Each structure stands twice: as C-alpha cells, then as structure tokens.
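Visitor: Note that the protein sequences, when read in sequence, are chains G and V. Just so you know, we're using this note's numbering here: the first sequence kicks off at 17 and counts up by one. Just so you know, we're using this note's numbering here: the second sequence kicks off at 17 and counts up by one.
These are computed hints drawn from the structure, not numbers from a lab. Computed from a predicted model, the values in this text were never measured in an experiment. Some hints here could point you the wrong way.
If several chains are the same, the list does not tell them apart, and a pair holds so long as it fits within one copy or across any two.
[What the hints assert, rightly or not] Here are the computed lysine-lysine pairs in the DSS-like style, where the Cα-Cα straight-line distance is at most 25 Å:
{"id": "1", "residue 1": "Lys-291", "residue 2": "Lys-316"}
{"id": "2", "residue 1": "Lys-134", "residue 2": "Lys-316"}
{"id": "3", "residue 1": "Lys-134", "residue 2": "Lys-291"}
2 protein chains.
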Amino acid sequence: MAGPETGPEPAAETTGAQVLLRTLVDAGVDVCFANPGTSEMHLVAALDAEPRMRAVLTLFEGVATGAADGYARMADKPAATLLHLGPGLANGTANLHNARRAGTPVVNVVGDHALDHKPLDAPLESDVDALAGTVSARVHRSLSTADLGRDTADAVAAACGPPPAISTLLVPADVAWTSAAGLEPGTLAPPAAPGRGALDADGLESAAKALWSGEPCTLLVGGTGLRERGLVAAHRIAVATGARVLAECFPTRLERGAGVPPISRLAYPGDVARKQLEGTTHLVLAGAASPVTFFGYPGKQGDLVPEGATVHRVTEIGAAGSVALEALADLVAAGVTDVARAGFAPPALPTGPLTVQTAAEVVGALLPEGAIVVDESVTSGASLPQATAGSARHDWLTLTGGAIGFGLPAATGAAVACPDRPVWCLQADGSAMYTISALWTHARENLDVTTVVYDNGAYAILRGELLGVGASLPADSPARSLLDLGSPRLDFVALATGMGVPAVRATTAEELADALRRAAAEPGPHLVAAQVPPLVP
Amino acid sequence: MAGPETGPEPAAETTGAQVLLRTLVDAGVDVCFANPGTSEMHLVAALDAEPRMRAVLTLFEGVATGAADGYARMADKPAATLLHLGPGLANGTANLHNARRAGTPVVNVVGDHALDHKPLDAPLESDVDALAGTVSARVHRSLSTADLGRDTADAVAAACGPPPAISTLLVPADVAWTSAAGLEPGTLAPPAAPGRGALDADGLESAAKALWSGEPCTLLVGGTGLRERGLVAAHRIAVATGARVLAECFPTRLERGAGVPPISRLAYPGDVARKQLEGTTHLVLAGAASPVTFFGYPGKQGDLVPEGATVHRVTEIGAAGSVALEALADLVAAGVTDVARAGFAPPALPTGPLTVQTAAEVVGALLPEGAIVVDESVTSGASLPQATAGSARHDWLTLTGGAIGFGLPAATGAAVACPDRPVWCLQADGSAMYTISALWTHARENLDVTTVVYDNGAYAILRGELLGVGASLPADSPARSLLDLGSPRLDFVALATGMGVPAVRATTAEELADALRRAAAEPGPHLVAAQVPPLVP
C-alpha cells in the first residue's frame with residue numbers, strides 16, 4: 017500500500033453523495049455514526065456541504081451501530097450509520113441484532129464497490145446483501161445517482177415504520193461520486209402516526225373479555241408500553257380489573273423512578289419467571305413478545321406461557337405498546353384516571369467494601385434526575401432494579417438481543433440524542449471489551465457519559481449458565497479457566513485513560529460515591545472501575 | 017439477569033460435546049480459539065476430558081477468527097473457532113472474510129439454540145445460516161448427537177480441501193449436551209493430497225506455449241506458490257523463458273529474506289500496478305486471482321490485465337500454487353535447476369527521528385532469523401518490503417481481504433502455531449483498534465509476539481484514498497476530521513499495559529531499536545508505540 021492513487025481534480029459540483037445527505041437531513045436524520053472507508057469517501061466529503069448533519073466518528077463499526085440504537089431509543093427517530101462494505105457491516109451486525117430485537121429504527125448507509133468494479137470480485141467484495149438481510153427489515157441497493165434521493169427517502173421511511181425497523185441502503189461508490197447537477201433530494205411522505213392502525217382489534221376485544229372474566233390475568237408490557245403513558249394505562253387496567261402487570265425481561269426503554277408508575281420485570285432465570293407467571297390463565301401481550309427463556313436448558317420448558325393459559329396480543333411486538341394499552345384501558349378501565357406512582361426514596365449511601373449490593377445502592381442513591389441508564393451490567397447488576405426503584409426519575413435501556421458489547425456504544429448514542437441529560441453506563445467487564453473503543457468516541461465528542469465498569473475478573477454469567485446446563489466444573493478445572501478474565505487482570509483505568517477518558521478505581525462504596533460525584537461535577541466522560549466480587553464465585 | 021438458572025446434576029457420562037472434541041483432535045485440529053457463551057458451555061466443559069485440545073480464550077470473536085487464520089497460514093492445517101450463535105459469528109465475520117480471501121482452512125464451531133428452543137425466537141435467535149453462508153464454503157447444522165462425530169469429521173474434511181476453505185458447523189446446544197454413551201468419534205478420510213488433480217491441464221499447456229512463444233510473459237504467483245518451492249519453480253521458469261515474475265499484491269504467506277528467491281509484489285496503487293504489467297502479452301496466473309484494483313476509481317479501469325493480453329490459469333486461485341509452478345517448470349525449464357537467492361544484506365541501523373523510512377530500516381536490520389511478520393502496517397509500511405528484502409529469512413503474512421483488524425489476531429494464531437519462532441506484528445494504529453483486545457490474549461498465553469504500532473494519529477490511507485476518488489478536502493475541512501485519530505490521541509502504551517502487555521513509546525530510530533532488542537531478549541509479548549508522521553499528511 018504505497019501511497020495514494022492519483023486521481024482527477026476534485027469535483028466542485030453537487031454529487032450523489034450530497035443528495036443522499038441532504039435527503040437524510042430533510043427527513044430528520046441528522047446524526048450519522050460513521051466508520052468509513054474508501055468506498056464512502058465521497059459521502060465523507062459531502063459532509064462539508066451539509067453542515068446540518070452531525071457525523072460522529074467511531075473506531076469500530078459495532079460502536080457506530082450500537083450508538084445508532086441508543087440514539088434512536090432516546091430520540092424516537094433513526095440515526096444513520098456509515099459503514100464500509102460487507103466486512104464493515106459485519107462488524108456492526110451484533111449491535112444491529114440488538115437494535116432489531118429492540119424494535120429500533122436505524123438507517124444503515126453501506127458503501128459498496130462502484131457498479132463496474134463489483135463484478136471484478138476485488139478483495140473486499142462479499143455477499144453484503146445476504147449479510148444485510150440477516151438484520152434488516154429492508155435492504156435496497158441504489159443503482160443510479162438519479163434514483164439516490166428517492167432511494168434514500170424510501171430507506172428512511174422503511175426505518176421509521178410503523179413498525180420502526182432497520183433499513184439498509186447499499187450505495188455503490190460511483191452512485192455517490194457521480195454528478196447530481198439538477199437533481200433534487202428525495203422527500204419523505206410524513207410517516208403514518210403509530211395510531212389505531214397498528215393495533216390488533218381482535219386481540220383488544222379478546223383481551224378485554226379476558227380482563228373482565230375475573231380469571232387471573234397478567235399484562236406483559238413491552239416496547240413503548242414501558243414509557244410513562246403506557247405504564248399509566250397498564251396500571252389503570254390493573255386497578256380496574258385486578259390484572260397483574262409485568263414488564264418484559266429486557267426493555268428497549270423503561271421509564272421509571274420517582275413519579276412514574278412502577279413495574280417489575282419478568283426475571284431472566286426461567287425458574288423465577290415461571291413463578292412470576294404461575295396461576296395466570298390469560299396472558300395479555302402489549303408490545304411484548306410471548307415470553308420464553310433466553311436459552312434452552314436440559315429438561316426445562318423454554319416457553320414461559322403457563323400451561324393452559326390463553327395468550328392475547330393487542331399489538332405488534334415492540335410497536336405502539338403505549339397506544340395499545342391506552343386503547344385497552346379505555347375499554348376496561350374508563351373510570352380509572354389515577355394510578356400510584358413511585359415516590360422519591362433512594363437508598364441510603366452504604367459504606368464498606370464494594371459488592372454487587374453496595375455498588376447498586378451507591379448508584380441508586382446518586383442517580384441524577386433525568387439520567388439515562390444504559391444497563392449492560394449482567395450479573396453485577398442483580399441488585400440494581402430494587403436499589404434504583406426509588407431514585408430520581410430516569411430511563412433504563414437494556415440489552416434486548418443478548419449480543420454483548422452494547423453498553424458503551426449505546427451510551428454514546430443516548431448522549432448524542434440527549435446532550436442535556438446525564439448518561440450512566442453500567443457495564444460488565446467481559447462485555448465491555450467487545451466495543452471498548454467507544455470510550456474514545458466518548459472523549460472525542462466530550463459526551464456526558466459516566467461509565468461504571470463492574471470489574472469482577474470473570475465471565476460470571478457463564479459460571480452460572482454452566483450450572484444451568486448441568487455442566488458444572490471443579491474450581492481447578494482447566495476448562496473453567498475459559499470463564500476467567502483474571503489472568504492478566506484487565507486494567508480499565510489504563511484502558512480508559514489510554515483513550516482519553518479520565519478514570520479511577522473504586523474498591524469501597526465510599527470511593528465509588530466519590531468518583532460518581534466527581535464525574536457529575538465535571539463535564540465530559542468519566543469511567544470508574546468498580547472492583548466487585550463476582551456474583552457467581 | 018439475577019443469578020444462575022439452577023439445573024440438574026452435571027452429567028458424568030460422555031456427551032456429544034466430547035465426541036465433537038475428540039473427532040476434531042483425532043483429525044488433527046487440536047487448537048481452538050474460543051469466545052463461548054451459554055450455548056457452548058458443554059463444549060467448554062468437554063475440554064477437561066480432551067486435554068489434547070488447546071483452547072485459547074479471546075475477548076472478542078474477531079480475535080478468535082483472525083487467530084484461526086494466522087494459525088492455519090503457518091500450521092498448514094485448520095484450527096477450530098468456538099463462537100456463540102449468530103451475533104458471535106457476526107463479530108468474527110470480518111476476519112473470516114480475510115481468511116476466505118487467503119484460502120485459509122478454518123473450522124468454525126458455532127453453538128446454536130437447542131433444537132426445541134430454536135423455534136421460540138428467543139432474543140439471541142437470528143439467521144445464522146445465511147450469515148455463515150457469506151464466508152463459508154460449507155455450512156452444516158448437526159441435528160442429532162448420533163451424527164455429531166460424522167458431521168464434525170465432514171466439517172474438518174471440507175475445511176482441509178483441497179481447496180482449503182472455511183467450514184462452519186452449527187451445533188445445537190442439546191446435540192452437544194446429550195449423552196453420547198457408546199458413540200465413537202467421527203473419522204476423517206485422509207485428504208486428497210493437493211497433487212496434479214488440482215491443476216488445470218489445459219491452462220498448463222497454453223501457459224507453456226505462451227512461455228515458449230518469445231512474447232512478453234508475466235507469471236503472477238499467489239497462494240502456496242509464494243513458499244520457497246513455488247518461488248524456486250517460478251524463477252526456474254523465468255531463467256528458462258525470460259518471463260517476469262510477480263507476486264500477488266496481498267499474499268497469504270510469502271517466504272522471503274536471505275536464502276529465498278526474491279519476488280516483487282504487484283503494487284496496491286492501480287497506476288503503479290498498470291506500469292508493472294505494461295507490455296505483457298501473456299499473463300500466467302499460478303495460484304493468484306486475475307489482478308484488479310482494490311477499489312474502483314473515477315475514470316480508471318479496475319481490471320489490471322493489459323489490453324489484449326491473454327490470461328492463462330494453471331490452477332485454482334490460492335490452491336496448490338507451488339505444485340502448479342513445479343509442473344510448469346518441469347514443462348518449460350527442465351534444464352534449469354538453480355536460481356538466484358536473496359543474500360543476507362539487512363539495512364544499516366538508522367539514527368534520528370522515526371519516519372516510515374527509518375522505522376522500516378530498524379525492522380529490516382533487527383528482524384530475527386525465522387521471524388513471522390504479520391503485516392497490517394497499511395501506509396506506514398510503505399518502505400518495509402525494500403528494507404526487509406535482505407533481512408534474515410522470514411515469512412510475511414498480509415491483509416488478504418482488506419477487512420482491517422487482522423494484524424493483532426493473526427499474530428496470536430501464528431504464535432500459537434509456531435511457538436519457537438518470533439512473531440513481529442507490524443500494525444497500523446487505526447486498524448489496531450478493531451481488535452485491540454487481542455493484546456490480552458498475547459499476555460494470557462505469554463506469546464512471543466512483538467507488536468509495533470505505527471502511531472500516526474490518522475486514517476492516513478483514507479487521506480490518500482480521498483485524493484484517489486477525486487474528493488480532496490482542505491486541511492481545515494470539518495469532514496476531514498473523520499480521517500483523524502488525534503483528538504484525543506490514542507495512548508497505545510496505556511492500552512497495552514492495561515491488557516498485560518509491557519509497552520514503551522519510541523520517537524527515534526534508536527528508541528525503536530532498543531525496544532525491539534529488549535523485546536527479543538525477554539519472553540512473552542511486547543508492544544512498541546512507534547510515533548511516525550503520517551505518510552499522507
């Protein structure tokens with residue numbers, strides 16, 4: 017790779033790339049999480065002509081896609097990603113998987129070889145269409161500069177939905193670099209509001225009948241049903257009918273804390289979840305998928321619907337949960353207007369050694385008003401839901417698809433979406449390493465992200481899962497070393513400072529509290545390496 | 017995620033997982049680069065019963081797959097990877113793309129949901145088959161424990177070839193955990209030796225005629241043709257017929273240095289490559305693909321075959337290049353037995369500020385006998401081929417597929433394959449960040465890998481590519497900041513030490529030489545952050 021290809025004089029006229037960017041911004045997509053390569057250079061160059069687009073550089077595509085997920089969960093509209101051919105999209109696929117499970121809108125702009133270069137099977141050529149299809153509701157390749165405005169608008173429309181989804185636009189390099197003189201940007205038809213059309217009328221009617229029946233009913237809430245509006249409606253239904261209310265296990269975005277109606281989440285361990293649903297004869301799904309265990313285990317049922325229970329679905333999974341719940345509440349709880357809300361009752365600040373419990377209490381005590389919590393704490397987060405239930409009002413974003421490496425990138429996107437709100441990223445150590453370079457973007461963009469890495473030196477979740485699948489190993493087993501991160505111990509303070517994020521270590525509750533207070537007092541990103549013993553020894 | 021699923025007592029009898037591992041090892045696949053999750057826990061547990069299998073833990077799947085690529089390039093046999101469902105495979109796909117382009121054998125073992133859990137569409141479910149198909153020559157899902165031995169043997173056979181390829185075995189969790197009492201491991205039919213059968217007889221005959229014709233011929237060599245045997249044969253042909261000899265631009269493994277017949281590589285910039293091939297009327301491809309530019313550029317031909325030239329292909333791309341060259345040499349150069357070899361003539365150690373040139377001279381001067389060089393130096397490596405041509409004998413592995421993030425993982429695998437040979441990983445800074453956690457595996461396994469990070473604070477290659485596609489930007493352009501890594505500057509010394517790899521910074525040639533000498537004198541991994549000005553300012 018000896019120096020640059022010498023090329024023609026830079027084009028001064030409008031390019032397809034500029035039309036693409038203008039179309040995106042006109043359609044409201046004005047943030048782009050980018051990790052570009054050669055085939056995207058005209059899209060990069062076009063940024064100068066479109067200052068309304070904020071381009072956020074990431075050092076790895078999984079950071080770009082996870083950021084787009086976190087952004088859209090908070091902004092309620094898609095960001096774009098800018099990715100380099102098949103391998104770039106592949107690197108972003110795991111976090112797109114999480115976004116797909118979250119029902120998040122994302123517009124992937126994936127550069128591809130120029131149209132006449134593609135058949136040459138150059139080294140970076142791969143089946144990008146098949147790859148994109150594994151995570152995208154829609155994949156489209158733009159074949160001419162004249163179509164690029166329309167194609168871009170259509171890609172945004174597909175992302176916005178309803179239902180919101182991942183939309184991938186493949187852009188051959190020449191389609192981007194060709195002159196677009198005289199071409200207009202594409203325009204977006206205003207999206208259909210996620211109104212009654214998204215609801216399942218039959219499902220609503222059968223759910224209403226079930227709720228009136230007097231038989232034990234559980235309302236399983238997901239998607240936008242976990243915003244305040246949906247939670248109020250769910251609790252109105254509960255007050256009127258005696259139904260139990262539960263949130264899905266891994267919410268896309270759960271509004272909670274002081275002032276919001278509280279809701280428990282379906283538990284991750286199947287045995288606990290089965291107990292939560294025991295006795296239910298009608299399960300009403302409002303924006304949630306029918307509950308199943310995360311994995312199959314020997315001799316255990318994966319389906320969590322209690323035997324003999326009837327399932328009623330009032331809307332698409334993930335979509336319009338709050339609208340569906342309000343429709344259902346209007347049917348069965350018209351007379352109920354007020355519901356109980358969580359009070360402001362944070363835990364007292366603990367003292368002494370840092371544990372999963374004391375770390376959670378520190379977080380619960382200090383969580384600031386309006387915080388956005390990105391939760392990839394895995395086993396170390398076991399005590400968090402309870403410890404933060406009475407904290408100041410906040411949003412809680414979780415790992416919807418189980419593809420680890422979500423936390424640091426999603427925190428990036430949430431902070432870009434909500435620059436006036438503090439983002440707390442509660443991050444397990446093993447998972448952090450998949451997308452650790454997100455810290456550099458935190459620093460580069462000076463984002464108000466405070467990361468707590470739960471540094472327990474282990475894939476502790478897998479120690480538990482090993483038991484769950486009946487494959488326990490003695491402590492000195494060589495195989496068991498594959499679940500350890502302690503040799504060598506990762507130094508997250510060094511990793512963070514190496515990427516420009518100020519960082520400290522905390523081994524006591526007092527040190528964690530001090531670090532979090534300092535982070536809140538200073539602008540920009542911070543990291544605390546919270547050394548906790550693993551939950552599963 | 018509140019604590020483990022409680023499960024049944026651990027099974028003491030033989031499991032499918034044990035049969036799988038035993039089959040792999042019996043077939044010669046005795047290294048596994050692993051990043052497992054719940055669905056692979058029985059495969060992890062089975063390691064204790066199969067101590068012949070070396071399991072190497074990685075913190076990210078792209079490290080596992082890149083390591084498998086580097087391993088196979090040096091061991092000439094596949095390693096296994098152990099990956100977690102679709103998202104795990106997705107994270108490993110970019111480096112599998114490089115392995116596919118390298119013609120490297122890899123056996124991917126991808127855990128999947130238990131058969132009865134799969135239809136439940138649990139959060140981690142995705143179209144893993146489609147994903148695997150984008151990089152694999154063969155994808156097979158094992159559907160019963162009774163078949164697992166045979167399925168595993170078949171997966172290894174498909175990887176071994178000929179031609180060597182990526183073979184993906186999807187293993188449902190229950191197929192791995194079910195008792196395999198009384199079942200035998202699968203056995204591998206001895207692979208067909210890559211003999212004359214892999215050759216193209218018509219191509220050999222037409223190539224021989226062309227070489228005899230007296231018209232200008234160029235022999236473009238790739239695959240195993242770039243090992244010593246192939247190079248000797250290529251040079252015999254050149255001596256006998258006057259043909260020119262060139263290596264493909266990005267070799268899988270090039271043997272070179274003192275004692276090996278030297279060969280120039282086709283250049284990366286199309287303009288230079290076109291000059292190299294100018295005047296050729298017959299292009300003989302021996303293990304190389306027909307040459308094309310890496311990307312398409314406005315107004316330039318992507319196809320590098322000179323107009324009017326005839327192409328002769330003597331073997332499959334990547335396969336049996338050395339065998340083909342020997343067959344061709346036997347046809348046209350039977351009387352030539354000896355060829356010129358490179359002498360031992362390393363450059364003098366330079367002094368003064370570190371530049372792309374002086375850094376290359378330091379590497380060339382100190383490269384130890386038998387070194388394995390993993391080259392992802394991108395622009396900062398411009399002077400390396402010349403500066404190392406007279407170094408002690410070594411192997412040179414390059415980025416075959418253009419999916420960056422290859423260097424640190426491939427160095428991992430090369431070091432595991434050849435524990436008695438020093439591995440030098442020459443690594444660009446931007447590319448390093450895609451798979452930086454490989455450093456932790458270097459430390460954990462105490463691998464003899466010396467990494468030189470060319471720390472130029474930029475995606476310098478893209479600055480060049482920007483010119484190449486005619487999209488130059490002024491120095492103060494906001495868009496241009498998307499090609500900069502300087503704000504904040506990455507501190508690779510902190511990153512390396514944070515993962516347990518001793519590291520120093522070098523700003524002069526003397527400091528780089530000192531650091532490399534120290535690294536050679538101490539066991540285990542080292543990193544030098546070599547601060548060089550970017551080649552493309």
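Visitor: With reference to the structure, classify each hint as holding or not holding.
Guide: So, going through the hints one by one against the coordinates:
1. Lys-291 to Lys-316: Classified as within: same-chain Cα gap 14 Å, cross-chain 67 Å, threshold 25 Å.
2. Lys-134 to Lys-316: between (49 Å within a copy, 14 Å between copies)
3. Lys-134 to Lys-291: Answer is between: at 23 Å across copies they meet the 25 Å cutoff, but 55 Å inside does not.
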